[in-house]
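Chemist: Take the first sequence: its letter number 813 is residue 813 in our numbering, and every next letter is one higher.
The hints are simulated quantities; they were obtained by calculation from the structure and are not laboratory data.
Treat each hint with caution, since some may be false.
Claimed, not checked - Pairs of lysine-lysine residues, derived as DSBU-like cross-links and limited to a Cα-Cα distance of at most 35 Å, are as follows:
(1) K241 x K206
(2) K91 x K151
(3) K672 x K748
(4) K193 x K21
(5) K812 x K12
(6) K21 x K33
(7) K704 x K763
(8) K12 x K220
(9) K21 x K68
(10) K21 x K11
(11) K145 x K318
(12) K133 x K409
(13) K133 x K21
(14) K415 x K141
(15) K33 x K145
(16) K458 x K437
(17) K483 x K68
(18) K108 x K91
(19) K151 x K271
(20) K415 x K458
(21) K812 x K798
(22) K26 x K141
(23) K162 x K290
(24) K162 x K417
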Amino acid sequence: MADYNHSKVEKKWQEIWSKTKVFETKEDLNKEKYYCLEMLPYPSGHLHMGHVRNYSIGDVCARFNRMKGKNVLYPMGWDAFGLPAENAAIKNEIHPAKWTKQNISRMKEQLKALGFSYDWSREIATCDPEYYKWTQWLFIKMWEKGLVFRKSANVNWCPSCKTVLANEQALNGMCWRCNSQTEHKDLEQWFIKITAYADELLEGHKHLEGWPEQVLLMQKNWIGKSCGAEIDFSIAGTDKKLKIFTTRPDTIFGVTFMVIAPEHELINETKSQIVNYDKVLEYVLASSRKSNIERSSSKEKTGIRLEGVNAINPATGKEIPIFTADYVLTGYGTGAIMAVPAHDQRDWDFAKKYNVPIIEVIKGDNSDVNNCAYEGEGNLVSSGQFNDIKSTEAFDRIMQWVQEQGFGKQAVNYKLKDWLISRQRYWGTPIPMVYCKDCGIVTVPEKDLPVLLPEDVKFTGEGETPLKASKAFVHVKCPKCGKDAQRETDTMDTFVDSSWYYARYCDVHNNDAIFDSSKLNYWMPVNQYIGGIEHACMHLIYARFWYKFVRDLGIVKYDEPFTNLLTQGMVTLSGSAMSKSKGNIISPDEIIPKYGADTLRLFILFAAPVEKQLDWSSDGIEGCWRFVNRVWRLFDIVNTKSVEVACQKDKDSLLKLMHQTIKKVTCDIEEKLQLNTAISFIMELVNALYVYKYHSNDEGLSLKVYETVILLMAPFTPHLCEELWQKLWHSNSVSIHAWPIFDENMIKESYVEIPVQINGKLKGKITVPIDAQEVEVKNIINTDNKIMLHLEGKQMLKFLYIKNEIVTIVVKNL
RNA sequence: GCUGGGGUGGCGGAACUGGCAUACGCGCACGUUUGAGGGGCGUGUCCUUAACCGGAUGCGGGUUCAAAUCCCGCCCUCAGCACCA
Numbered sequence: 001m002a003d004y005n006h007s008k009v010e011k012k013w014q015e016i017w018s019k020t021k022v023f024e025t026k027e028d029l030n031k032e033k034y035y036c037l038e039m040l041p042y043p044s045g046h047l048h049m050g051h052v053r054n055y056s057i058g059d060v061c062a063r064f065n066r067m068k069g070k071n072v073l074y075p076m077g078w079d080a081f082g083l084p085a086e087n088a089a090i091k092n093e094i095h096p097a098k099w100t101k102q103n104i105s106r107m108k109e110q111l112k113a114l115g116f117s118y119d120w121s122r123e124i125a126t127c128d129p130e131y132y133k134w135t136q137w138l139f140i141k142m143w144e145k146g147l148v149f150r151k152s153a154n155v156n157w158c159p160s161c162k163t164v165l166a167n168e169q170a171l172n173g174m175c176w177r178c179n180s181q182t183e184h185k186d187l188e189q190w191f192i193k194i195t196a197y198a199d200e201l202l203e204g205h206k207h208l209e210g211w212p213e214q215v216l217l218m219q220k221n222w223i224g225k226s227c228g229a230e231i232d233f234s235i236a237g238t239d240k241k242l243k244i245f246t247t248r249p250d251t252i253f254g255v256t257f258m259v260i261a262p263e264h265e266l267i268n269e270t271k272s273q274i275v276n277y278d279k280v281l282e283y284v285l286a287s288s289r290k291s292n293i294e295r296s297s298s299k300e301k302t303g304i305r306l307e308g309v310n311a312i313n314p315a316t317g318k319e320i321p322i323f324t325a326d327y328v329l330t331g332y333g334t335g336a337i338m339a340v341p342a343h344d345q346r347d348w349d350f351a352k353k354y355n356v357p358i359i360e361v362i363k364g365d366n367s368d369v370n371n372c373a374y375e376g377e378g379n380l381v382s383s384g385q386f387n388d389i390k391s392t393e394a395f396d397r398i399m400q401w402v403q404e405q406g407f408g409k410q411a412v413n414y415k416l417k418d419w420l421i422s423r424q425r426y427w428g429t430p431i432p433m434v435y436c437k438d439c440g441i442v443t444v445p446e447k448d449l450p451v452l453l454p455e456d457v458k459f460t461g462e463g464e465t466p467l468k469a470s471k472a473f474v475h476v477k478c479p480k481c482g483k484d485a486q487r488e489t490d491t492m493d494t495f496v497d498s499s500w501y502y503a504r505y506c507d508v509h510n511n512d513a514i515f516d517s518s519k520l521n522y523w524m525p526v527n528q529y530i531g532g533i534e535h536a537c538m539h540l541i542y543a544r545f546w547y548k549f550v551r552d553l554g555i556v557k558y559d560e561p562f563t564n565l566l567t568q569g570m571v572t573l574s575g576s577a578m579s580k581s582k583g584n585i586i587s588p589d590e591i592i593p594k595y596g597a598d599t600l601r602l603f604i605l606f607a608a609p610v611e612k613q614l615d616w617s618s619d620g621i622e623g624c625w626r627f628v629n630r631v632w633r634l635f636d637i638v639n640t641k642s643v644e645v646a647c648q649k650d651k652d653s654l655l656k657l658m659h660q661t662i663k664k665v666t667c668d669i670e671e672k673l674q675l676n677t678a679i680s681f682i683m684e685l686v687n688a689l690y691v692y693k694y695h696s697n698d699e700g701l702s703l704k705v706y707e708t709v710i711l712l713m714a715p716f717t718p719h720l721c722e723e724l725w726q727k728l729w730h731s732n733s734v735s736i737h738a739w740p741i742f743d744e745n746m747i748k749e750s751y752v753e754i755p756v757q758i759n760g761k762l763k764g765k766i767t768v769p770i771d772a773q774e775v776e777v778k779n780i781i782n783t784d785n786k787i788m789l790h791l792e793g794k795q796m797l798k799f800l801y802i803k804n805e806i807v808t809i810v811v812k813n814l
């Protein structure tokens, strides 16, 4: 047989799959459905190795389940709105739509060259009006349900370009185009009230048994529910109150100062009283230039006291100083805290630095608040009528008192913030709202959807959003009263587009409704969702939230969109992420011509466990290439009869290995998604087949094992397997052939080799019958010279036998 | 800084629920096939030792008959941190 020509074979089968539409799916109530989904890519124009990894994993799941006889939905689409298209428009004077379309068609070619088994008839792009019509429709439904509101919020602003910048365009406080120092500016913007679902998003974790524990933990911390109290502190000499949130009301007698965020309105409200107002203002300006991460990651906390303004501790009646410091963030709680330096390390550090008294109110066994804060439990001291109470009981007792006194109440606080979705940009889903002088904010009626993006737009990167310049877009009649009105020019965050796409795949061509409930209920929820760990919090929380909203509209009956989640690791080159700016990119385009898609897929799945980081290796891919060819060459070996005579023992062990391999590979794919070890088991079977002596009298055993190898490999290297399957005189496609089954009886062993440890060290191995009794094992050990030598002259203290596992003996010298 | 991961041979990695550390692959060495090279097929390969013994899963402790795995403290590294997607 000729050498394996991957280019020819891969092209051949890609054409056959496309022509026979073998991967297109319809609802079929007689078959069990399986919905396999990968996080849809942004059409940057180039498929990178991270994509290849993501989709190779998904394709194995899809192909495996198809062979298992399930009705598999495996779609692909494009998260096509977003910043890079607009940046390209500004830099290269190409329309974002054109740029995006070109990128999509290029990347689609690349996906096809990799042989992924997508149902391309269901392809979507979030920038298509047929898609974003329904994004707008959902937005209006949210507005109708009271989940959309407007509020002032901060943006990055370039004073020279006079435009709003994304965080990425304002790295290190510099504008990406003109390098000016960026500023912050407040704008009235659109928000979605995701916090209304905070509790349910948290509770829903109970039903997500198929999700990695770490993702649930990250989400839990992101939602950040904490039960505590809101307490009002009076401002001395005024009737003003400073409201704070705390989880430790039990330490209220130890509050010796207050800290407010630099954006807190109290600064402006008490401006006339602040003696050092100039300096305070300077500090506020300086922190406004920092990002939240910079603000919280500096090792040493900075701050400044508002001199002349004091608060009153409602528990003690004492006046205490107020500081502003940028480690207190405006978006969390009330943007103000009560500081208890004796029992919070950050407050302790701050108190030491600014010379504020530290008052101990909880005495623990080893507490020493002169050295560091004591954050543990203990008994209350210096706390008036609450002295000697255990701190664990103090929360409730003090809260009761606080409420009776009327200066606070119990409160629940979340770290999760409401979702700011406004973007002052062109390339996104237009927010379907109209401002009318008389009617106020009016939604665009359903019959007028979608609100289309205008074409007559220039991209300069300067000034307000390009949409404002389109007169035809901005000037409309009010849908309610018909008078002249203005259209909203903000577009939506692209996370909105990607929060519901998985549902649209179920009924992608529906023009009359967002989707048909029966189709949605047939396919949803997604059985296996696959994507990067970087989406653990934002995308995966937004998508869960959105789905719960669709459920509340009565369209779908499930609570959670994704039953099982797999978060794959990054692909790196010598330890660091591949990126254009570093110039360390390895593209699938340079690998496929040399080794073929099958080898690339095999390598990327074999080189590391799917959820861990994978470092690209050019030697490693060479090894997979060899393996692919080794399987190819087996065809001739298996089909050539030799004159040697079969040995029954060899035949038995090969057959046993085949059944064991089917079991292990099936389990690794189906239950553990441990694809690297699945591949290694197939390699072992192939190695055994090479070592096996071929003979005329093996009654087709080697052929049978070879066929099994091909079936087991089909999800990984589908082109190679289709070709070999055809060469073995099969007329059907291996892609839809039944997955091999194993016989448990063929796997059973009658003997097992177990280790013998003496004082915790391995001293020998013995072979015992399966499930042997202790007496039997002792007898076997007594006949083992090597082990007996170690026991000679020793006193046996303990003999421990764990069935089929290990013998461990503890001895001491006589 | 906060939150969540990870650290095992020369390298990528394997190891069920605490039970034989290093499966499989790469690299390397040797043998074999070949006119030669490449390629193929096969054998060996944690360290130390002639061998026995002994030692090794980031570092330091602990629990246990037994620890890569559990507990405590530390170091290094990766990801996310709300306008990149």
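Chemist: Are the hints correct? Go through all of them and say.
Modeler: Hints and how they fare:
no., hint, in the structure
1, K241 x K206, "violated, 40 Å"
2, K91 x K151, "holds, 32 Å"
3, K672 x K748, "holds, 22 Å"
4, K193 x K21, "violated, 43 Å"
5, K812 x K12, "violated, 71 Å"
6, K21 x K33, "holds, 18 Å"
7, K704 x K763, "violated, 41 Å"
8, K12 x K220, "violated, 48 Å"
9, K21 x K68, "holds, 19 Å"
10, K21 x K11, "holds, 15 Å"
11, K145 x K318, "violated, 46 Å"
12, K133 x K409, "violated, 45 Å"
13, K133 x K21, "holds, 29 Å"
14, K415 x K141, "holds, 26 Å"
15, K33 x K145, "holds, 33 Å"
16, K458 x K437, "holds, 28 Å"
17, K483 x K68, "violated, 61 Å"
18, K108 x K91, "holds, 25 Å"
19, K151 x K271, "holds, 24 Å"
20, K415 x K458, "violated, 39 Å"
21, K812 x K798, "holds, 10 Å"
22, K26 x K141, "holds, 29 Å"
23, K162 x K290, "holds, 19 Å"
24, K162 x K417, "holds, 28 Å"
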